[in-house]
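All chains, please: the whole structure from these sequences, using the hints.
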Amino acid sequence: MVPEGWTHTTFDKHIDLLSGFAFKSNAYTSNENDIRLLRGDNIEPGSLRWRDAKCWPKEEFRTLEKYHLEEGDFVIAMDRTWISSGLKVAEVKSSDLPCLLVQRVSRIRALSTLEQSLLRQYFSGHRFEQYVKSVQTETAVPHISAAQIKEFPVLLPPLQEQKKIAQILSTWDKAITTTEQLIANSQQQKKALMQQLLTGKKRLLNKNGVRFSGEWKEFLLEQVFTFKKGKGLSKSAICESGKNKCVLYGELYTRYPEVIDAVYSRTDSDDGTPSIDGDIMIPSSTTTSGIDLANATAILEGGVLLGGDINILRPKRALSPSFIAHLLTHAKKYEIASRAQGITIIHLYGSDLKNIKVKIPVDLSEQHNIAGVLSIADNKLKVLQQKLYAFKQEKKALMQQLLTGKRRVKL
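Take any residue in the sequence shown, count from 1 to its spot, add 111: that is its number in my numbering.
It should be emphasised that the hints constitute simulated quantities derived from the structure, not laboratory data. Cβ atoms here follow ideal geometry from the backbone N, Cα and C, with glycine treated the same way. Accuracy of the hints is not assured; some may be wrong.
Derived Cβ-Cβ restraints for the label pairs, each shown as a range [what the hints assert, rightly or not]:
1) Ala303 <-> Leu222: 43 to 53 Å
2) Thr515 <-> Ala303: 44 to 54 Å
3) Lys468 <-> Phe323: 19 to 29 Å
4) Glu326 <-> Val252: 50 to 60 Å
5) Glu181 <-> His237: 24 to 34 Å
6) Arg162 <-> Thr399: 17 to 27 Å
Subject to a maximum C-alpha distance of 27 Å in a straight line, what follows is the list of computed DSSO-like cross-link-like pairs (lysine-lysine) [as the list claims (entries may be wrong)]:
7) Lys506 <-> Lys261
8) Lys274 <-> Lys521
9) Lys468 <-> Lys493
10) Lys285 <-> Lys301
11) Lys135 <-> Lys165
12) Lys503 <-> Lys517
13) Lys517 <-> Lys274
14) Lys177 <-> Lys261
15) Lys493 <-> Lys285
16) Lys339 <-> Lys328
17) Lys427 <-> Lys339
18) Lys491 <-> Lys507
19) Lys517 <-> Lys204
20) Lys521 <-> Lys275
21) Lys342 <-> Lys328
22) Lys275 <-> Lys498
23) Lys340 <-> Lys444
24) Lys470 <-> Lys443
25) Lys204 <-> Lys177
26) Lys135 <-> Lys340
27) Lys468 <-> Lys328
28) Lys312 <-> Lys521
29) Lys328 <-> Lys491
30) Lys313 <-> Lys493
31) Lys165 <-> Lys312
32) Lys275 <-> Lys285
33) Lys204 <-> Lys285
34) Lys427 <-> Lys465
35) Lys493 <-> Lys517
36) Lys506 <-> Lys443
37) Lys302 <-> Lys465
38) Lys465 <-> Lys328
39) Lys521 <-> Lys301
Structure follows, in structure tokens:
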């Protein structure tokens with residue numbers, strides 16, 4: 112049922128869509144004083160990136176006025192429009208200007224019947240993403256056409272109601288953006304903290320308020336750990352009410368940070384290597400790159416079944432698991448990644464890790480203190496990430512109501 116005053120329509124009647132110009136690649140420049148060219152490669156979901164941007168001679172800029180972009184324009188990559196991280200659609204910011212529109216990228220502006228800022232909500236919504244996925248061609252280079260964008264169906268309210276809806280949703284956008292910035296700042300602060308603490312450049316205070324001054328000793332990993340392997344277990348073995356807790360290797364990429372606070376998965380299977388409190392896990396295979404294997408995760412409880420494709424580092428001596436997991440994941444990331452081998456499937460074996468050198472405070476309490484400070488930083492990040500998730504879910508629910516007329520706004 113169509114809400115009173117609303118109309119079933121398509122983008123075609125309410126947007127101005129322009130496809131980019133076919134600039135000759137042999138005339139591209141890398142001169143940062145020239146005009147940046149906005150190509151599909153420059154579009155990420157929700158933002159533009161200008162690293163390694165191609166440019167066009169600035170003396171020709173005025174003659175290409177038709178392809179000038181403006182603040183508030185929306186641009187969409189016509190090739191590989193949908194990728195795993197979302198749709199390659201972004202809003203042009205003042206910091207992106209000046210730039211020129213290149214072929215296989217479309218610029219979209221609202222006509223007088225459509226509130227420009229409401230486009231942001233349509234493009235970020237689940238409906239538009241699903242629409243693109245349904246019409247995108249299944250060829251070597253998946254793509255969509257300008258006609259397909261114009262055919263996107265919308266239920267459109269009167270202009271004044273559009274403005275009010277856009278205003279309400281933009282409030283949520285600001286909250287989301289602010290929280291994302293806080294997360295980015297916290298991540299940078301934690302990174303700086305780790306660079307100081309995990310190398311001994313900055314020493315913390317002990318329980319008596321005196322700065323630690325004890326030795327940091329260098330070990331090979333095989334001197335302080337025995338190396339074991341996880342075994343068995345697949346996604347099909349997971350069941351919500353299973354009798355055993357378990358960890359699958361894929362969860363080390365997607366679900367867990369450096370320290371596991373709570374184990375999510377369960378299984379009725381008895382397969383897997385039982386954990387011991389303090390085990391360090393590092394995944395042993397991937398289809399992406401070695402850097403993805405360079406993640407260490409500490410588990411602080413015993414009896415959890417650890418599945419296949421997991422390297423298990425089991426301490427031979429008293430160590431802080433949290434300290435070690437942070438040390439390996441951050442201070443030793445690139446060294447670990449460099450030891451991975453393979454082409455189609457990349458492997459990282461225990462034998463690849465055994466002779467990695469690590470410097471560790473001899474005083475166990477210093478390890479624990481460092482881990483405690485990093486844990487506080489992790490918890491701060493976790494709270495912000497939970498807040499961001501809540502904002503996004505609340506906005507999603509609100510969009511479903513406001514953009515369908517199920518909930519009407521007061522004008």
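Quiz item: In ascending order, which of the hints set out earlier in this document are inconsistent with the structure?
Solution: 9, 19, 21, 26, 28, 29, 31, 35, 36 and 39
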